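Asks: Sequence lines, in order, name chains A and B. Sequential numbering of the first sequence, starting at 17, is according to this note's numbering. Sequential numbering of the second sequence, starting at 1479, is according to this note's numbering.
Please keep in mind that the hints were generated in silico from the structure rather than gathered at the bench. Any given hint might turn out to be false.
Pair by pair, the computed Cβ-Cβ distance ranges are [what the hints assert, rightly or not]:
{"#": "1", "chain 1": "B", "residue 1": "V1531", "chain 2": "A", "residue 2": "S34", "range": "31 to 39 Å"}
{"#": "2", "chain 1": "A", "residue 1": "L156", "chain 2": "B", "residue 2": "R1515", "range": "22 to 30 Å"}
{"#": "3", "chain 1": "B", "residue 1": "I1504", "chain 2": "A", "residue 2": "W24", "range": "51 to 59 Å"}
{"#": "4", "chain 1": "B", "residue 1": "L1499", "chain 2": "A", "residue 2": "P484", "range": "36 to 44 Å"}
{"#": "5", "chain 1": "B", "residue 1": "R1592", "chain 2": "A", "residue 2": "I19", "range": "48 to 56 Å"}
Looking from chain A toward chain B, a few residues come up when the C-beta cut is under 7 Å (computed) [what the hints assert, rightly or not]:
{"#": "6", "residue": "L183"}
{"#": "7", "residue": "H184"}
{"#": "8", "residue": "A498"}
{"#": "9", "residue": "A499"}
{"#": "10", "residue": "L502"}
Given the structure is predicted, the values throughout are model-derived calculations rather than measurements. From the three backbone atoms N, C-alpha and C, an ideal C-beta is built for every residue, glycine too.
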Amino acid sequence: MDIFANLWLGLTVAATFSNMLYCLIGVFLGTAIGVLPGLGPVATIAMLLPITFGLPPESALIMLAGIYYGAQYGGSTTAILVNLPGEPSSVVTALDGYQMARQGHAGRALSTAAIGSFIAGTIATVLIAIFAPALAAVALQFGPAEYFSLMVLGLIASIVMASGPLLHALGMILVGLLLGMVGTDVNSAVPRYTFDMPLLADGLNFVVIAMGVFGIGEIVANLEDEADRTVMTKRVTGLMPTKEDWKRIIAPILRGTALGSLLGILPGGGAALASFGSYTLEKKMSKTPEQFGKGAIEGVAGPEAANNAGAQTSFIPMLTLGLPSNSVMALMIGAMIMQGIQPGPSVMTEQPALFWGLIASMWIGNLMLLVLNLPLIGLWVRMIAIPYNLLFPIIIVFCAIGVFSVNNNTFDVYAMALFGVVGYVFRKLDAEPAPMLLAFILGPMMEEFLRRAMLFSKGDPSVLVTRPLSSVLLAIAATLLAAVLLPFVRKGRKQAFQEE
Amino acid sequence: MTGIRGQRDFGIGVIYLALGLAGFIIARNYSFGTAGRMGPGYFPTIISSLLIVFGVITVARGLFRDGTPIGAINWKGIFLITLSVCAFGYLLERAGVVVALLALILISAAASERFRLEIRAIAGLVALIVFCTVVFVEGLGLPMPILGEWFRN
């Protein structure tokens, strides 16, 4: 079988000593930042991007990916122990996990979360190995019109995950597209929106925007409510689930995996939506729905499996189509471009070691997390207790040095400060910056594909709907847009985000 | 209050409108081209026009629909954090990385309500500066002078 040959190739790449080490660093850092509220994977990956320049591409991506799925683990730890979800995706884990902890079952809740995540991660790895090549094969037939439509779909999908009013999210996409146009136009060599500043000729650096908006801007927002955090300092005992527990959690884990994998592939889906969906599903399936919210172990197992599966499968569109389904994937694409790799369907054929190595590393990383996470609970508990006023200056230091190191230029430092203000203002106005960042990255590619598509069709825009694949993609985008506008879905979104 | 009923809608709408108008006016300097042969101004003009449309809709919604107010703005936080990052940029090459980091950490830390110069904080401050100097300048070789122009000659 091809799949096994490919996975074997991946394992030989991922299991080298140095790559295992980078994977370990990634998942360890990821868990740590997942535990620390106020520091998410997006800011961390943005901060570490400059450091990865010197690494081989495989090692860089393996480490960055580890941060992402490690953060899902860490987020659930704080959700269970202190009722503070470190990540949006673990919001629902806090509902029943924290109740279990209060009843003295913190150990069982934590191990259920870890085991659920591991099973989901293993299945999702196999799913990626099966579906990614198929999707890439389809994508290889894409012309410029299809790519343009695909990106429209990606952008529309990104508003589904955005909190706040839809109108704001749509506007943020346009702002991102406009920001993406700063710099020299590739076709005509005309400098656009550069205000005669030579430093802007290459365009705005997306590390600057990401760190400013997600790093600096978030810190200012976090400083508004410096609440005391009380940690459940009780000793965590009874780590292993009982036989009875196993029977209760296995079905929710599998259902959560299926749901999470599906939502993860959809652009804009990702982990947060998956965990919310799984919780609702388990509550509906349960014979004792009244136990949910009072420490039902199924309410931990399902969502935890779902968010990890979703985190994993969100790599599929990124790796096969070059289409980021969330901000983290957008940063991964940025990392690839900086390493000189053109993201898209050709990655699999031209860089098989990178592609399969990354996939295999996810499974190794999940295994590491399962082994590491439970013995290290004591360390994580102590990390939760770090006060934010000691933590945030450190984050700012790493942001400042990191952004300087991209081009060794203080201009980028000032630009980051500016985007910090911008990020704070957007947050205050209920406009989520994630769609803007996606649009910023996709914008230049979108324009290029639109130009080429129009050149081939001699200016006839109907080419976007007469080519079958392109019209299907646009139809999905339109359906999605209509769906989020429906009151039912809007209500669901509100519920999913109101507890953040 | 004023006639603005949804502050958040109104605020972001004004931003969209301003960016859209600026984008549109600037893009008029770039040749537009035709749909078949798009000039550098084609895509920016479309995007800016859409942004203007969204700006108008959002502003209108802010005027006619009630929304949650913006709430307190953390002026002290935004001012000190921005100042600290700019101070770092200004001092990095002039005074060197040690002074720049000192300014960055002290000014930004002052943004917190709980800022106090106690032994533990000072120890952390020194440790962080030493760590950054050793790892980033000595270890990774970033071109940041440990002591800048001001301290030479």
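Asks: Work down the list of hints and note, for each, if the structure agrees.
Replies: Hints versus structure:
Separation of B/V1531 from A/S34 is about 52 Å and departs from the stated range, judged on CB atoms against 31 to 39 Å. A beta carbon spacing of about 27 Å between A/L156 and B/R1515 agrees with the range 22 to 30 Å that was offered as a hint. In this structure the hint that B/I1504 and A/W24 lie 51 to 59 Å apart at CB holds, the actual value being about 54 Å. About 39 Å separates the C-beta atoms of B/L1499 and A/P484, a value consistent with the hinted range of 36 to 44 Å.
The supplied range of 48 to 56 Å is met by B/R1592 and A/I19, whose beta-carbon atoms lie about 54 Å from each other. Contact between A/L183 and chain B, as hinted, is supported at the beta carbon level, the nearest pair being about 6 Å apart and thus within 7 Å. Against a cut-off of 7 Å between C-beta atoms, the interface hint on A/H184 holds, since the closest Cβ of chain B lies about 6 Å away. Residue-level restraint check for A/A498 is violated (minimum Cβ-Cβ distance to chain B is 18 Å; threshold 7 Å).
The beta carbon of A/A499 is not positioned within 7 Å of any beta carbon in chain B (closest approach about 20 Å), and the interface hint is therefore violated. Interface hint status for A/L502: violated, as the beta-carbon distance to the closest one in chain B is roughly 19 Å, over 7 Å.
Violated hints, in rising order: 1, 8, 9, 10; the structure is consistent with all others.
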